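Enquirer: Go ahead and model the full structure; you've got the sequences and the hints to work with.
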Amino acid sequence: MITTNVPTQLGLLLCCLLSTTLSASEDPWSEKAIKNSVNASDYQGTLERNQLLELIEAGNQLFSARFTTDDGVGRPMATQAIIPTKRKRPPRNEFSRTAGLDANACSSCHNVPIIGGAGDFSVNVFVSEGFQHSDFDTTDPQFSNERNTNHLFGSGVVELLAREMSVTLMQQRTQALADAKNQNKPVIQALNAKGVDFGSITAHPDGRIDTANISGVDNDLVIRPFSHKGVMTSLRQFTVNALNHHHGMQATERFGTRWTDTDDYDEDGIAQEISAGDVSALVAWQASLAPPLAQAPTDTRWLEAAKQGQQQFDSIGCADCHRTYLPLSDLAFSDPGPMDAAGTLRYGETPNTVYDLSLLAWAETLEKDTNGDYKIPLFGDLKRHVIADQQVAALGNELLSQRFVERNVFMTTELWGVGSTAPYGHRGDMTTLREVINAHGGDARDSRDAWKALPKDAQNNLIAWLKTLIIKL
Amino acid sequence: MKLLNRKLVGLLLPFFAVSIVNADTHSETGNYKGDVPSLHEQAMEAGIVHQYDGPWEYFVGGGVSAFDCNQDRMPDLYFSGGDNAAGLYINESLPGGELRFNKDTTSALSIKNVIGSYPIDIDNDGYLDLAVLRVGENYLYKGGPNCEFTRANSRWNFSGGSHWSTAFSATFETDNDFPTLAIGNYVDRTAPGSPWGTCQDNELHRPNAIGETPDFSEPLPLSPGYCALSIVFTDWNKSGVDALRVTNDRHYYRGGQEQLWRLNSGRYPRLYSASEGWEPLVIWGMGIAEADLNADGYPEYALTSMGDTKLQILDLEQAIDENRPHYEDMAWTRGATAHRPYTGNDLKPSTGWHAQFEDINNDSHLDLFITKGNVERMTDFAQFDPDNLLMGSASGQFSEQGSAAGLALDTRGRGASVMDLNADGLLDVVVVNRADNVSVFRNQGMNSEHGPRQGGNWLKIELQQKGGNRHAVGSKLSIKTGNTVQSRVTRVGAGHASGSAGFIHVGLGVAERATVRVQWPDGEWSAPYKLFANHHVVIERDNDTVSQWFPTTTSLQTNSE
Chain A
1 MITTNVPTQL
11 GLLLCCLLST
21 TLSASEDPWS
31 EKAIKNSVNA
41 SDYQGTLERN
51 QLLELIEAGN
61 QLFSARFTTD
71 DGVGRPMATQ
81 AIIPTKRKRP
91 PRNEFSRTAG
101 LDANACSSCH
111 NVPIIGGAGD
121 FSVNVFVSEG
131 FQHSDFDTTD
141 PQFSNERNTN
151 HLFGSGVVEL
161 LAREMSVTLM
171 QQRTQALADA
181 KNQNKPVIQA
191 LNAKGVDFGS
201 ITAHPDGRID
211 TANISGVDND
221 LVIRPFSHKG
231 VMTSLRQFTV
241 NALNHHHGMQ
251 ATERFGTRWT
261 DTDDYDEDGI
271 AQEISAGDVS
281 ALVAWQASLA
291 PPLAQAPTDT
301 RWLEAAKQGQ
311 QQFDSIGCAD
321 CHRTYLPLSD
331 LAFSDPGPMD
341 AAGTLRYGET
351 PNTVYDLSLL
361 AWAETLEKDT
371 NGDYKIPLFG
381 DLKRHVIADQ
391 QVAALGNELL
401 SQRFVERNVF
411 MTTELWGVGS
421 TAPYGHRGDM
431 TTLREVINAH
441 GGDARDSRDA
451 WKALPKDAQN
461 NLIAWLKTLI
471 IKL
Chain B
1 MKLLNRKLVG
11 LLLPFFAVSI
21 VNADTHSETG
31 NYKGDVPSLH
41 EQAMEAGIVH
51 QYDGPWEYFV
61 GGGVSAFDCN
71 QDRMPDLYFS
81 GGDNAAGLYI
91 NESLPGGELR
101 FNKDTTSALS
111 IKNVIGSYPI
121 DIDNDGYLDL
131 AVLRVGENYL
141 YKGGPNCEFT
151 RANSRWNFSG
161 GSHWSTAFSA
171 TFETDNDFPT
181 LAIGNYVDRT
191 APGSPWGTCQ
201 DNELHRPNAI
211 GETPDFSEPL
221 PLSPGYCALS
231 IVFTDWNKSG
241 VDALRVTNDR
251 HYYRGGQEQL
261 WRLNSGRYPR
271 LYSASEGWEP
281 LVIWGMGIAE
291 ADLNADGYPE
301 YALTSMGDTK
311 LQILDLEQAI
321 DENRPHYEDM
331 AWTRGATAHR
341 PYTGNDLKPS
351 TGWHAQFEDI
361 NNDSHLDLFI
371 TKGNVERMTD
381 FAQFDPDNLL
391 MGSASGQFSE
401 QGSAAGLALD
411 TRGRGASVMD
421 LNADGLLDVV
431 VVNRADNVSV
441 FRNQGMNSEH
451 GPRQGGNWLK
461 IELQQKGGNR
471 HAVGSKLSIK
481 TGNTVQSRVT
491 RVGAGHASGS
501 AGFIHVGLGV
511 AERATVRVQW
521 PDGEWSAPYK
531 LFANHHVVIE
541 RDNDTVSQWF
551 PTTTSLQTNS
561 E
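So the protein sequences, as listed, match chains A and B. Oh and the first sequence: position 44 is 44 in this note's numbering, straight run, nothing missing. Oh and the second sequence: position 14 is 14 in this note's numbering, straight run, nothing missing.
These aren't lab readings, by the way, just hints derived from the structure by calculation. Source: prediction; values computed, not measured. Glycine included, C-beta positions come from ideal geometry on N, C-alpha and C. Misleading hints may appear alongside valid ones.
[Stated by the list, open to error] Quick list of the computed label-pair ranges, beta carbon to beta carbon: (1) B:540 / A:88: 36 to 42 Å; (2) B:544 / A:434: 38 to 44 Å; (3) A:329 / B:213: 58 to 64 Å; (4) A:93 / B:296: 31 to 37 Å; (5) A:39 / B:333: 36 to 42 Å; (6) B:333 / A:90: 25 to 31 Å; (7) A:95 / B:525: 40 to 46 Å.
Expert: Shown next, in the form of structure tokens:
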């Protein structure tokens, strides 16, 4: 088994093997970053360990690949929108730190403290729907939401948690419908997944569902765990979006002939820029990144402070949203997954592939609860909350809603890795943990006020504990 | 009898010469890049054994109504039978599963001489009623719970006449809670010289605005009639007031043409004339389909005929500046003429009947389905004449994919319905065939090398409002995804002798979400509704939130299913 945080001997071996293979089709001096696309048909069914590691390594290379125009960088006639959208005219400059293209490689931004990690303020991205005003040369928030780069460690199990929670919520909906029909009267059903409350629905005997009281999740009951806003369903969807937005690399599964009538939607002269296999490799690599676990400090004073700090964290209500762990029943990661919609490769559209994450070394470090479920210590609840109010409004600084989610509503940030991933806040404009805690308003206001009321030492202890939640180098 | 004589062939020759010279570009080709549905015919397996047949009067007609009569929101099917008894089939399909229907053998609707039917809630009781067109007296049936139907001609003072009725449409005119009904008639068989030049007048049944129940005691003739085979109330000029469009069969009329009646909310109907921009058009008009293909608010129309299908687009300059209903035909440039069979060796012209715009692969581009079928041993027209599936694309072009979809059967289609029969978001196809069993095609998904797969994302929307016009007939919907806007309108009418009611289906392509606004029949716009794809939703007027709907026997719903 290997860890996936750093290249290992096996990883290097695979890398060499891949390079040898690839050199057969591309000149060694080729300026293409993708020397050879990953063939999805080579990876079907539940992958054996060696196959999985091979695919992960291919993803590793793609994640750090500095894509070039020979690969398909650029989208002169397409915007950054997740729905293929044409520009009226090419932009004056293809690269722009505002509307994008804004990066050469995935790793250009995801690199703190290591590849796959978060990003500095200098690599913030400017999220626009990309429909109207898709080109903008200002950071004025009326055109885009400025977002700091999230880290990706543990993202595989995060997606698995979201899938399991979505299924639970949908089962509750199905049960409510059956109950309403059997009882011939409306039934109010609480929605709760892994102990997280998502409000309620009212099911009617005729099959209708009132969704007005659903809380913290879209009313289709799909938990979308990725992005600050919690609006991305899967690593696959996120990857396809990001490749287009940041690099102008358009994945065939969304921008190809099936949906757009053309194999060069962005009109940059390069057809079929990213294959389904390439996306799968990127997904496999991200899904394999080890969940960050709390690291006990060697410094005994820090260790003691951290212990007390965690108690403070729980006692003032931080853990109401930043859940210590969520239980996960299975580490089998099917790709494509079951929750995506058209435009991202879907479950059942191709022979399915399963990445058994339990084959990875970090899986052995996960504790299990009494039910035999993996305890995933993400310190989050995969739920969206109002995070700003009239008095404490710093985290409600955006002007644009995103994908039906209001401007002051965000997904609870998972705190694992928080000790390694400053700066903080969804804009990355807070340099310390203390600042970002102080900025919690809205649903978190009581906890924040309780924090503010803590003695200085207790606050320090809490910080000491948060600083143990690091991404292991 | 619709037998083409030599004179007519002579008239047709120049017309078809153009078509045949360029025919290759309009045959089914393999260069269509979008999804093609896998349509599997399974009428027998679904439990539907029904045939439309009979003598001359039943060479036309042969409709099917698709509507929910037992309040489970799954569409039931009512088939015309001609000389045979009509049949009501109750939908017992499992959501997303194989199609299953059970014939209601005791239904009051099991009557003979039925040409076609259209569902509409006439008395605003929440139950869909049914207008039944016949050779002989037409009937209005009052719907009740569990598919109970009671003949209501007397109750509603409706005179069913004794004509040969072949077309129907309904609208709710301003300030009237009850619908205005229009009935299109065909040949007056009793007139001297029949059938040539003896087209029956059409009828307009306006309700008495006063009273608790519908009262159609004062019908108006729509004269002249030119042997209508399809009619539809339509807001051609975005005025908010419907006009009545009529497509007529030139085979029997003298001096006739296509017609557009101006109604002007209660006034006596008047035809648009050539001086007002209505250009005379003479075709074997058999079916109408309406859709706003470019989402500009002005509908386009497909008109089926013998030979070329017409695809008409309004001349906006004349329409906006002078309110002139002048149309250009764009069927040829869009690849939608469908003028001869796209497969087989028969190069004779086709005979088109029912037409319907729907998005059958959910790619967000409307497709055009047309039934085809020789009238009855008309040797100058194709004998093997398969139904068409013209797939729309982003460019606005249509591409024939009937054969690839599995539609190319040797049957003689008439009426039809493109409707999701098993609540899976995929539109299925029902076709009434003359002198043959009906065809019921289940949409299994999109063809792929790995077997049928899911198509694009979709939405299905049901509209409700209180008071009159409970099902909000005449509403217009604006569906926005990204920079793209699609529009839909709820109508009662058009097609060929076939009506439908229920969810409005919209394909969304790769969009996961859509913002939907409704312009209710009185012109008021709703607030925008933010809807997630791949759901059935119920929009109730004045309610800020929508309800979702799930088939109650459903298993776990995920996007993977």
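Enquirer: State for each hint whether it applies.
Expert: Cross-check of the supplied hints:
For the hinted restraint 36 to 42 Å between residue 540 of chain B and residue 88 of chain A, the CB-CB distance of approximately 39 Å keeps it satisfied. A hinted range of 38 to 44 Å for the beta carbons of residue 544 of chain B and residue 434 of chain A is consistent with their spacing of about 41 Å. Between residue 329 of chain A and residue 213 of chain B the beta carbon distance is about 60 Å. The supplied range of 58 to 64 Å therefore holds. Between residue 93 of chain A and residue 296 of chain B the Cβ separation comes to about 34 Å, which falls inside the hinted range of 31 to 37 Å.
For the hinted restraint 36 to 42 Å between residue 39 of chain A and residue 333 of chain B, the CB-CB distance of approximately 41 Å keeps it satisfied. The hint said 25 to 31 Å for the Cβ distance between residue 333 of chain B and residue 90 of chain A, and at roughly 29 Å that hint holds. Take residue 95 of chain A and residue 525 of chain B: their Cβ atoms lie about 42 Å apart, and the range 40 to 46 Å holds.
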